[in-house]
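From first to last, the protein sequence lines stand for chains P and U. Sequence positions in the first sequence follow the numbering used here and run 312 to 604. Sequence positions in the second sequence follow the numbering used here and run 147 to 632.
No lab work stands behind these hints: they were computed from the structure. One or more hints might be untrue.
[To be verified] Restricting the straight-line Cα-Cα distance to at most 30 Å, the calculated cross-link-like pairs of lysine-lysine (DSBU-like) are:
#1 U:K471 to P:K595
#2 P:K357 to P:K368
#3 U:K592 to P:K595
#4 U:K396 to U:K269
#5 U:K481 to U:K170
#6 P:K322 to P:K368
[Claimed, not checked] One-sided and incomplete, this derived list gives chain P residues near chain U with beta-carbon spacing under 10 Å:
#7 G382
#8 E390
#9 V438
#10 P448
#11 P600
[What the hints assert, rightly or not] Quick list of the computed label-pair ranges, beta carbon to beta carbon:
#12 U:S213 to P:A412: 47 to 53 Å
#13 P:T454 to U:L511: 43 to 49 Å
#14 U:R294 to P:P547: 28 to 34 Å
#15 P:D419 to U:A189: 41 to 47 Å
#16 P:R396 to U:G191: 34 to 40 Å
#17 U:D217 to P:G327: 43 to 49 Å
Just so we're clear, the structure is a prediction, and the values are computed from it rather than from any experiment. Heads up, the beta-carbon is just placed ideally off N, CA and C, and yes, glycines get one too.
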Amino acid sequence: MSRVPVAKTCKLYIGGSYPRSESGRSEPIADPAGMVLAHVARASRKDLRDAVEAAAKAVDGWGAATTYLRGQILYRIAEFMESRRDELAEAVRSVEGATAAAARREVDRSIDRMVSFAGWTDKITTVLGGQCSVAGPNYVMATIEPIGVVGSIAPAAPSLLGFVTAMAAPLCAGNTVVVLASERNPLPAVAMSEILGVSDVPNGVVNVLTGGVAEIAPLLASHRQVQALGAIGLEPRLAAAVGEAAAESLKRIRLVDLPAEKSGLEDSERWTSIDAIAPFTEVKTIWHPASIG
Amino acid sequence: MIQPRPDAAPPTDWDLSPAPETVKVRIDPESRLYIDGGFAAAADGRTFETVNPASEQTLSRVADAGSADIDRAVEAARRALRGWSRTPAIERAKYLFRIARRIQDRSRELAVLETLDGGKPIKESRDVDVPLVAQHFFHHAGWCDKLRHAVPGRDPVPVGVCAQVIPWNFPLMMAAWKLAPALACGNTCVLKPAETTPLTAIRLAEIFEEVGLPPGVVNIVTGGPETGRLLVEHGDVDKVAFTGSTEVGKRIAASCAAKRRKVTLELGGKGPHVIFADAAIDQAVEGIVSGIWFNQGQVCCAGSRLLVEERVLEEVIEKLAWRMKSLRVGDPMDKNTDVGAINSRRQLDTIRGYITRGVDEGATLHECGDRPLPDRGFWCRPTFFSGVQPSQTIAREEIFGPVLAVMSFRTPEEAVARANDTAYGLSAGVWTDKGAKALEFARRAKAGVVWCNGFNRFDPTAPFGGFRESGFGREGGAVGLREYLA
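Put together the whole structure using the sequences plus the hints.
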């Protein structure tokens with residue numbers, strides 16, 4: 312008799328644990344031929360609240376870590392992704408039906424993107440902040456800080472590169488994140504959750520939800536503890552609704568449309584520039600008199 | 147923190163047990179040059195010895211690079227330039243990140259080797275030098291694909307082949323400060339470590355090999371002053387970076403000016419360290435200790451001129467003398483040692499000459515402790531002079547040793563004037579509980595680095611370098627990258 316494979320139960324990633332959806336919902340994920348590959352948790356409003364709560368708890372510690380430490384922790388994610396290239400590629404390929412080579416290319420791009428963001432942590436202040444030459448005897452510094460909890464919605468595709476981009480931009484600035492994975496193919500996000508769980512990322516700093524984007528995105532946008540919202544490639548009507556919901560609590564929002572073809576996220580010059588990070592930062596201007604008296 | 151109690155006798159009736167660092171490190175009896183991705187003896191077979199300054203024992207015979215070797219190294223760097231500068235930035239980044247990781251992996255080995263070859267306390271090489279070296283590579287790794295953010299409005303183009311000559315006081319750290327930004331910007335390098343401390347740079351070459359850095363991207367040539375001269379004056383070098391004495395720096399500045407060659411110089415200093423009466427004196431004393439006795443005072447940015455507000459002068463001197471007695475001088479490989487060996491006999495002679503001069507010119511000598519020093523090796527007890535006049539030699543010339551000149555001032559204006567009364571301008575320190583005063587002092591200080599209520603802090607994100615005769619150019623931060631971009 313042939314061996315029966317041990318299929319993975321794909322769960323959420325919240326506060327460093329892997330819970331099922333409290334709603335008890337799961338959904339089949341099928342390959343292009345319609346064959347079911349896995350069942351993935353479908354997050355609910357309550358799961359979202361739990362994820363935000365976990366992220367909120369982790370804000371102080373992560374924000375206070377040195378930028379050097381944060382950089383090393385992000386780089387370690389890239390190291391772990393590299394050693395799981397095959398698994399990540401398979402997660403992309405099996406659902407999307409991409410060629411093996413195309414899937415590997417996406418994985419490589421995603422790892423490189425992670426490396427690039429790892430290098431940003433201790434440079435954001437250099438690039439965005441600085442001293443202000445005020446017209447008076449004061450020493451004035453514009454310092455750059457994280458905002459807090461960021462909700463980040465990954466595009467439907469590319470599933471892995473989109474997830475990494477959505478996660479890492481707010482993360483490298485010192486925010487904690489709740490990432491809503493691609494609904495079309497959540498398997499790479501599930502694989503990433505497992506990488507994050509064994510990496511050096513503190514619990515609660517990254518939380519991953521899988522499920523219905525149309526269901527969860529507006530809830531993420533209206534949650535008062537979420538202080539900024541990023542979304543890549545949202546369907547226009549949903550984007551408008553999300554933007555409006557976010558406005559109620561004056562969230563900082565970064566909604567980016569993607570061109571229909573998926574090459575939009577491959578432009579690393581654009582997606583790893585400071586402009587991809589700045590929306591997830593606050594500027595604090597510190598004034599101090601200077602006088603020798 | 148230990149509270150100084152000037153009235154209490156220092157505890158001399160007990161002692162710390164030895165805590166030797168026991169990690170054994172491989173040291174090859176012969177150290178070779180690293181050129182074009184391979185290790186080789188000097189073309190003419192010449193060598194010199196590098197000794198452990200704490201024991202005077204020879205550690206290794208080191209290849210002495212001559213003009214044929216320098217030619218070969220520069221040619222290798224030139225050949226590698228095309229490939230390296232066109233390597234996609236994110237790929238360059240991955241090499242540098244990997245170098246940082248391997249330095250972290252091999253940090254204990256590097257720290258031990260640094261201490262054996264240079265004489266600095268293992269506590270310092272382990273906790274300060276090597277961690278900063280890894281951080282420097284890590285930080286600059288991240289810049290590779292972000293150079294357009296460092297030089298907005300410019301297309302970041304590497305300068306080319308860089309000739310880099312570094313000193314013996316922070317051998318690995320200076321190598322990192324030179325190599326990391328140069329490589330991040332896509333340059334190739336020929337690095338010459340100091341004659342007395344070549345071993346860790348050569349060990350770094352092993353790490354370059356491990357990570358698969360393409361041949362010729364970094365070449366390491368060991369030798370003395372003549373090797374350095376041949377390198378910086380080589381006809382096919384695009385940029386020179388030098389850290390060392392002001393005297394040699396001036397010669398290099400002249401040679402580079404004649405050749406219209408890009409150059410950065412990080413030279414000597416005579417750092418003022420100002421203590422206002424409203425400072426937290428106990429903390430300030432700790433700052434003074436770190437300022438002048440860190441790395442046996444062999445630090446270009448050392449706080450070697452102490453300027454104390456007159457009404458706390460007596461208190462500061464008393465506390466400093468008391469605190470100095472608890473410093474442990476001796477075996478750098480002992481984890482309790484605060485002050486290790488002087489780097490070389492030549493440097494020791496220089497320092498002793500200055501101490502004699504200080505006494506001759508009428509200043510009052512205070513010397514640390516009476517614990518016996520090892521029989522062999524180069525030792526100098528931490529020392530300070532009180533009653534120093536600003537015109538005296540020990541107040542004007544860089545000693546590069548654990549010798550502090552203590553002077554006083556009455557008003558803030560006088561503090562600023564005295565602090566700036568030097569041809570140098572590398573570092574300055576100020577202690578006061580008044581933030582406004584500290585920042586205004588910092589603004590008026592003619593120095594490239596000013597530490598407020600602290601001293602000897604370094605970070606790759608924070609530019610370091612001098613004003614005036616302490617050189618020009620900065621290392622670290624975004625501005626440090628400009629030095630390596632055309």
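Right, here's what the structure says about each hint:
no., hint, result
1, U:K471 to P:K595, "45 Å, violated"
2, P:K357 to P:K368, "17 Å, holds"
3, U:K592 to P:K595, "29 Å, holds"
4, U:K396 to U:K269, "34 Å, violated"
5, U:K481 to U:K170, "15 Å, holds"
6, P:K322 to P:K368, "21 Å, holds"
7, G382, "7 Å, holds"
8, E390, "8 Å, holds"
9, V438, "5 Å, holds"
10, P448, "7 Å, holds"
11, P600, "4 Å, holds"
12, U:S213 to P:A412: 47 to 53 Å, "51 Å, holds"
13, P:T454 to U:L511: 43 to 49 Å, "46 Å, holds"
14, U:R294 to P:P547: 28 to 34 Å, "32 Å, holds"
15, P:D419 to U:A189: 41 to 47 Å, "43 Å, holds"
16, P:R396 to U:G191: 34 to 40 Å, "48 Å, violated"
17, U:D217 to P:G327: 43 to 49 Å, "58 Å, violated"
Violated hints for the displayed structure, listed by number in ascending order: 1, 4, 16, 17.
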